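Which chain is which? The protein sequence lines are B and R, in order.
Note that the UniProt record's numbering gives residue 38 to position 38 of the first sequence, counting from 1, and the numbers run on in steps of one.
Note that the UniProt record's numbering gives residue 76 to position 76 of the second sequence, counting from 1, and the numbers run on in steps of one.
Hints are computed from structural coordinates only; laboratory data are not their basis.
Please note: incorrect hints may appear among the correct ones.
[What the hints assert, rightly or not] Covered by chain R, according to a simulated footprint, are these stretches of chain B (three or more residues, beta-carbon under 8 Å):
| id | segment |
| --- | --- |
| 1 | 21-33 |
| 2 | 36-44 |
| 3 | 80-93 |
[Unchecked claim] One-sided and incomplete, this derived list gives chain B residues near chain R with beta-carbon spacing under 8 Å:
| id | residue |
| --- | --- |
| 4 | V3 |
| 5 | G74 |
| 6 | L101 |
Quantities reported herein were computed from a predicted structural model and do not represent experimental measurements.
Ideal Cβ placement from N, Cα and C applies to all residues, glycine included.
There are 2 protein chains.
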Amino acid sequence: MTVSYGFHATMTAQPGRGDELVGFLLASPSLAHEDCVVFLVGRSAADPDVVHVTEGWTSEETHHRFFATAEAQGLVARLQPLIAGEPEYRDEVPVGGRAAL
Amino acid sequence: MTVSYGFHATMTAQPGRGDELVGFLLASPSLAHEDCVVFLVGRSAADPDVVHVTEGWTSEETHHRFFATAEAQGLVARLQPLIAGEPEYRDEVPVGGRAAL
Numbered sequence: 001m002t003v004s005y006g007f008h009a010t011m012t013a014q015p016g017r018g019d020e021l022v023g024f025l026l027a028s029p030s031l032a033h034e035d036c037v038v039f040l041v042g043r044s045a046a047d048p049d050v051v052h053v054t055e056g057w058t059s060e061e062t063h064h065r066f067f068a069t070a071e072a073q074g075l076v077a078r079l080q081p082l083i084a085g086e087p088e089y090r091d092e093v094p095v096g097g098r099a100a101l
Numbered sequence: 001m002t003v004s005y006g007f008h009a010t011m012t013a014q015p016g017r018g019d020e021l022v023g024f025l026l027a028s029p030s031l032a033h034e035d036c037v038v039f040l041v042g043r044s045a046a047d048p049d050v051v052h053v054t055e056g057w058t059s060e061e062t063h064h065r066f067f068a069t070a071e072a073q074g075l076v077a078r079l080q081p082l083i084a085g086e087p088e089y090r091d092e093v094p095v096g097g098r099a100a101l
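Just chain B, same shape as in the assembly (with noise of 0.2 Å):
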């Protein structure tokens, strides 16, 4: 499947919730979801409370509508409490590869 949207993006956890952030992050729905070709999630080697994910979309529209539904939006005010600050989004769209995780 060809990704057309995507993005990169870094989370730090509260102190000492980087397992529990990588965690919720390996069970969010986005993971079987059909426009998602990639959900990569990694983390720090010299830090485990930052975490980071890259995310490929079919489109970003895919992506939209599926952020929009209140599954998503549950998921949001979920993750909101276990990071400190906001996530630190850059610009990077997979476009080959593989991950055999």
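Dock chain R against the given chain B, drawing on the hints supplied.
Using the frame of chain B, we list chain R on its own:
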């Protein structure tokens, strides 16, 4: 497979050679290497010459062993003229998720 070593690299292609750099990265033998669990290539939506690669390896040792081979060193030599300056590395180790590219 589990990843215990990884990084996120951002490279800027020589002007107008972003497509060539992406093609070069996607032809990398890392993609077929059994210890390379994640090799995800991404691009900036705003600047087609800015290219990212997120790598995840079973261990630092397997990565370094591959990187020391004549094959890998040949790739590095062929990569240099394609990029402007040095790659920028970020501390990111893939831990989970998927890429169905």
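Hints, one by one, checked against the model:
Residues of the segment 21-33 of chain B with a Cβ under 8 Å from some Cβ of chain R number 4, which satisfies the need for three, so the listed coverage holds. Only residues whose C-beta sits within less than 8 Å of a C-beta in chain R count toward coverage, and the segment 36-44 of chain B has 8 of them, enough to reach three; the restraint holds. For the segment 80-93 of chain B, the proposed coverage by chain R is satisfied: 3 residues have a C-beta within less than 8 Å of a C-beta in that chain, meeting the threshold of three. The restraint placing V3 (chain B) at the interface with chain R holds, with a minimum CB-CB distance near 7 Å, inside the 8 Å limit.
Hint status for G74 (chain B): violated, given a least beta-carbon distance of 20 Å to chain R, over 8 Å. Look at L101 (chain B): its Cβ gets to within about 5 Å of chain R, closer than 8 Å, so that hint holds up.
In summary, the one numbered hint that this structure violates is 5.
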